[in-house]
Amino acid sequence: MRMSEQENKKGMTRREFIRKGGYVAGGVVGGGVLGGLITQQTLKTNKKGETSPQQDNGKGAEVSYQRAMMYFSNPEEFTVLSQAAERIFPADDLGPGAIDLDVPYYIDHQLAGTWGNNARDYMLGPFYPGLETQGFQSHLRRNEIFNQGISKIQSHSQEKYKKKFTELDEEEQDKVLTDFEKGKVKMDGVTSKDFFTLFRMAVLEGVYADPLYGGNRDMAAWKMKGFPGNQMSYLDKIEATDFLEIEPVSLTAHMPAQKKKSNG
Amino acid sequence: MAKTLPKTDVVTVGVGWTGGIIAAECAKAGLKVIGLERGGDKRNSEDFSMVHDELRYAIRYDLMQDVSKETITFRNKGDQRALPMRQLGSFLLGEGVGGSGVHWNGHTFRFLPYDFEIKTKTIEKYGKNKIKKDYQIQDWGITYDELEPYYDKFEKTCGLSGEPNPLGGKRSSDYPTPPMKKTVITRKFREAAKEMGLHPFSLPSANLSEDYTNPDGEKINACQYCAFCERFGCEYGAKSSPNVTVIPTAKKTGNFELRTHANVVEIIHKNGKATGVKYIDTLKGEEYIQPADVVVLTSYVMNNNKLLLVSNLGQPYNPETGKGVIGKNYCYQMVPGTTGFFEKERFNSYMGAGSLGEVVDDFNGDNFDHSDLDFIHGGALVVSQAGYRPIGNNPVPAGTPLWGKEFKQKSIKYYTRTISASYEGASMPYRYNYLDLDPSYKDIYGVPLLRMTYNFTDQDRNLYDYLGKQSDKVMKEMGADTIQSQGKLADYDIVPYQTTHNTGGVIIGDDPSISAVNNYSQMWDADNVFVVGASSFAHNSGYNPTGTVGALAYRAAEGIIQYSKKGGQLA
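From first to last, the protein sequence lines are chains B and L.
Counting in my numbering, the first sequence runs from 1 upward without gaps.
Counting in my numbering, the second sequence runs from 1001 upward without gaps.
Certain hints may be false.
As the list claims (entries may be wrong) - Pulled a few chain B residues facing chain L out of the computed Cβ check, cut under 8 Å:
1) Q137
2) E172
3) M224
4) L244
5) E247
6) K261
To be verified - The following label-pair restraints were derived from C-beta to C-beta distances:
7) D169(B) <-> D1465(L): 42 to 50 Å
8) K237(B) <-> D1465(L): 36 to 44 Å
9) P126(B) <-> T1321(L): 50 to 58 Å
10) Q66(B) <-> G1446(L): 39 to 47 Å
What the hints assert, rightly or not - Heads up, simulated DSS-like pairs for lysine-lysine below, C-alpha to C-alpha not over 30 Å straight-line:
11) K193(B) <-> K1405(L)
12) K237(B) <-> K1125(L)
13) K184(B) <-> K1077(L)
14) K1488(L) <-> K193(B)
15) K182(B) <-> K1042(L)
16) K1153(L) <-> K1133(L)
17) K1042(L) <-> K261(B)
18) K175(B) <-> K1413(L)
19) K1042(L) <-> K1125(L)
20) K1125(L) <-> K223(B)
21) K1077(L) <-> K223(B)
22) K182(B) <-> K1077(L)
23) K1344(L) <-> K184(B)
24) K1410(L) <-> K237(B)
25) K223(B) <-> K1413(L)
26) K1077(L) <-> K237(B)
27) K1181(L) <-> K184(B)
28) K1344(L) <-> K223(B)
In case anyone wonders, no lab produced these hints; they're calculated from the structure.
All values derive from a computational prediction rather than experimental measurement.
For glycine and all other residues, C-beta sits at the position ideal for the given N, C-alpha and C.
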């Protein structure tokens, strides 16, 4: 049975399922079937229950093997990341939010790579806090900041509401995140404001980057915004006086077919 | 122990616009030129098949300098501890063959005649007291008319598309190609400006309006308005860059050798003469000495300054005594402006070209009367349609939250319903804004980092306020339903991107006590060292710098060729 059907039969919205389902809320996330089920549930693409996480565009069971954790390894942490991302860019009448756009996977994969490891940043010491005008001065790498940030989101929710972040309603979640945004949460080696800024930007990147990075699923964010993606030329359109709606194209359109050498 | 290589006539440190121009001109004149470039060479049209990628190029800065290896340190004032710029932000340093000429937008202006004689003209018109204490305004030791032929030459190399600036200096010839196409956005600005009695003209563009072959025989293609220009390379060969013009020209002569992954760490000199440079081959991890008759520093402003300071060449500037010249008159720019929100129209903001735009120069230089104003100079006001990309462009009216439901709705709504007009605000040199070496931080090769001490000044804040009010009026005239004015100019902050128009530190002039190079970019303290680029600007004007950088490079090339024949100081 597909997750969405299961959900519909239970008459629950995606959010209710996550919150009331008890698995994530109770933090009882084991391996195997249950763990997989919950993880998929948090990432499910469609609040109306039309498609399952593993199916795209009615083309049948097209598995995306990229929807898996490359950096995080604890499903509950990933769920916190996902729900926080959804508060930054929520699903609404315009279209999907961060979760439905696969933004949590985008962030997870970025944290595992060059950016998450600050490979192109000057990371030699000594480290001093500095003035705001002097910019980022933490000795921590971005993925270390995210680890700490997520753990602080959880502990701050406990302090503020005696509940887990994933048990809070949307307004409460927003209040927790606002405390981070305002720098009110104590963090080590970085301010909560800096973490929030980093997090917010990562969400917007995952929303709007080319789908090749794992977010912006089906270019749905581009469609919402009216951005046509990777177009070769606007030479014949640039002088147009009306607004032009153009079907977006991703960078996959630029990939040449790869041919194997045949033997003999 | 560094290995010493066979001597060459000319060695350039860096192969971007300036290094490329020097190489092309000197190699055509029969000199043997070696171009040392610390970055790589994967920056040609065929290397950009995946270039329509905002994240990789515009957000992660794929083509820019890797600051894990080298950066600068920064503080606002001399009594603060400078700290490393750990990530790129306020400005974007380039690296690799073609330098920033690969990923620039292509705005290519001439400075005003006023700029080159700014001190004389200001005193003439407003009296001595107009120049406030500690502002180190000085003439450039060259006039616009003297530099005009070199501007003309650079424009023809690029094939610039444009039309004359009605308030600019005299031109010896028209732009090589006609202006770029006009759009709803650029027309709106042009018409509003005319209505207000201003003097709009098409932004001089190095993205070309039509196919063009330059005087060296290099072909540049017509721009496709694909909207991936600044921070990106051009996959069409339609943006004038060193890689499609001067570098191939230099290579064709057979007199030019390009050496990549060659990071110069020292200028070797004795008794006021350079003998060559020391560099690290960053692939082999080995040191080499490249002897040369002429050493030309053609890297970015930062590295030109750093190399002179670490090599003890020229007198370092001291802000306390005001003596010394290397590191003096570091300038930047302000970017005042206004954003307009339009409720009834949607614009094709996602299309565009780096330099597709319109300009008015009525608020620039001394094109308006400063008698009752508490600043000098001004800025060119530009509305451009470079292409709004979706990660970087989420415009919302003031007071809108920056995340959540309302942010999502408004940022999506206004993405296609805003127009911004902004200036390149001129920056006047100030005694306590300067460059020197950092006492503690080093690059990965163990060489000290350059230290920047910089803040905006009262002159900057006054100019910023005045210009913002003018662009508010223009935006209203354009029909915006609401306009968003800028706030006050805060302390200079190295985090948000502002502009990559850093200038000064090795400045031009006719007096060796207050300048580092003559008007051929030749060092007063070492006849066979030429330091070329925006490092030689005595102040920063209200325009993008590359037109003037190109003109000064062509003049420097002429100087190097002359020097190689008869030696000595050229000016």
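Query raised in the report: Failing hints, ascending?
Result: 2, 5, 6, 9, 12, 15, 16, 19, 20, 21, 23, 26, 27
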